[in-house]
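Take a look at the letters that make up each chain.
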Amino acid sequence: MLLRDFGHGDILLLIYATRWTIALSLIAFAGGGLFGFAFTILRILPIRLLNYLSSAYIQIIQGTPLLLQLFVVFFGLAILGWDVSAWTAAAVALIAYTSAFLAEIWRGCIQAIPKPQWEASSSLGLGIFQLLWYVIMPQAIKISIPPTVGFLVQVIKGTALTSVIGFVELTRTAQLINNVTLEPFAVYSVIAVIYFSLCFPLTSLSRRLERRLNVSSAN
Amino acid sequence: MEYEFHFEVVFRNSGMLLEGAWLTIQLSFAATVLGLLVGILGALCKTSGIKPLDWIASAYVEIIRNTPFLVQIFFIFFGLPSLGIRMSPLQAALVALTANLGAYATEIIRAGIEAIHRGQIEAGLSLGLSRLQVFRYVVLFPALKTVYPALSSQFILLMLGTSVVSQISAEELTHIANFLHSRTFRNFEIYFVVLLMYLAMSTMFRALFHVTYLYAFGRKR
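Here the protein sequences come in this chain order: A and B. Per this note's numbering, residue 99 is the first one in the first sequence, and the count goes up by one each step. Per this note's numbering, residue 575 is the first one in the second sequence, and the count goes up by one each step.
Just so you know, the hints here were simulated from the structure itself, not pulled from any lab data. Note that the coordinates shown come from a computational prediction; the quantities given were computed from them, not determined experimentally. Among the hints, erroneous ones may be present.
These stretches of chain A come out as covered by chain B in the derived footprint (C-beta under 8 Å, 3 or more residues) [as the list claims (entries may be wrong)]:
no., region
1, 240 to 248
2, 258 to 266
Pulled a few chain A residues facing chain B out of the computed Cβ check, cut under 8 Å [said to hold, decoys possible]:
no., residue
3, Ala154
4, Ile158
5, Leu166
6, Pro214
7, Ala218
8, Lys255
9, Leu274
10, Val278
11, Thr279
12, Phe283
13, Cys297
14, Phe298
We put the CB at the ideal spot given by N, CA and C, even for glycine.
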């Protein structure tokens, strides 16, 4: 008999596997933030072609399932002749996914800055980069923090899908443990709790930041 | 390395893919209708002022929103049978999608309800409308109008989310793609075309919702 009971050892294994979920989330968030920032800038620069390209990219990513993006990256990179691991494919797909959503969130924050400020700055002779750096960014960054923290929750939840292409993070580990213990109720409850304890603090932080922002901007 | 693309493999199976896409759309609509009902109920509980109802609804919303959909569906499909609740893949998929949309809809509708001015409700009551009538005409419909854009983008997210139910072998579009992949090994071609199909569906529905909004609520502003 190959089956064994679901015990303390398995819970430790799951907690141990959580670091891959966290590592992947951090990579996706850092890379996604970097590219997302680039796409945000491309989106608002006064160059039509760049605006279109950036917004087309965002719409394609936002209009397709993350799972399919993972498949296309996983198999597509292989066709290009790169021998990619599930780890690399997962990171690439999640960075692409995160960058599109963050770019859209940040564009919203930048455009929330009232138009007269843009006009005033350019009539004072500031160039587009000076305008963005000294006038728009300091205000936009402040309002972008709550939704950005909130989106981090989506990234963490998104990493669960990388289990499908065989990246061994929390969900995949749970499946493997389930295969030898056949106690799906216990196994999936435990990882639900782990995901919840990763995500819930961020959700509440995002909500608290948002409330503080509303209070301070009302005054 | 030279790779020869064989997209004809995909087109030879276009019938199956379209059937899969149709199931995806059906699942999305069914889950949206049921999820909206759950969302209205949840929003009612959260705004009722009755503490236990508020707690239950809040716990439901937080649990769903802070765990991955994949884990939810595994829990429902593989975990619940040990409590004696057995479902077919399609039933489990519908339950999971409904629960998921219900949680997001609860928050969205609650926000819409809380945006209704207190004075309007009092005005409705003093005009002699019953509580139910006030809820229906003064609170719910205007609230739904305010939150319509948020709800329609939630529908798109749900439709994209249905791809995940392929993992419990509910035979929607992504599952068909996985099946064809294992049959033909033309993985990139298949997944690329299916990706475009999802893109087409989400673009189409976004346009559809926009037109519906214009017809139902008149032009913005």
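- Task: Tell me, in ascending order, the numbers of any earlier hints that this structure violates.
- Result: As far as the earlier hints go, 1, 3, 6, 7, 9, 10, 11 are violated by this structure, in ascending order.
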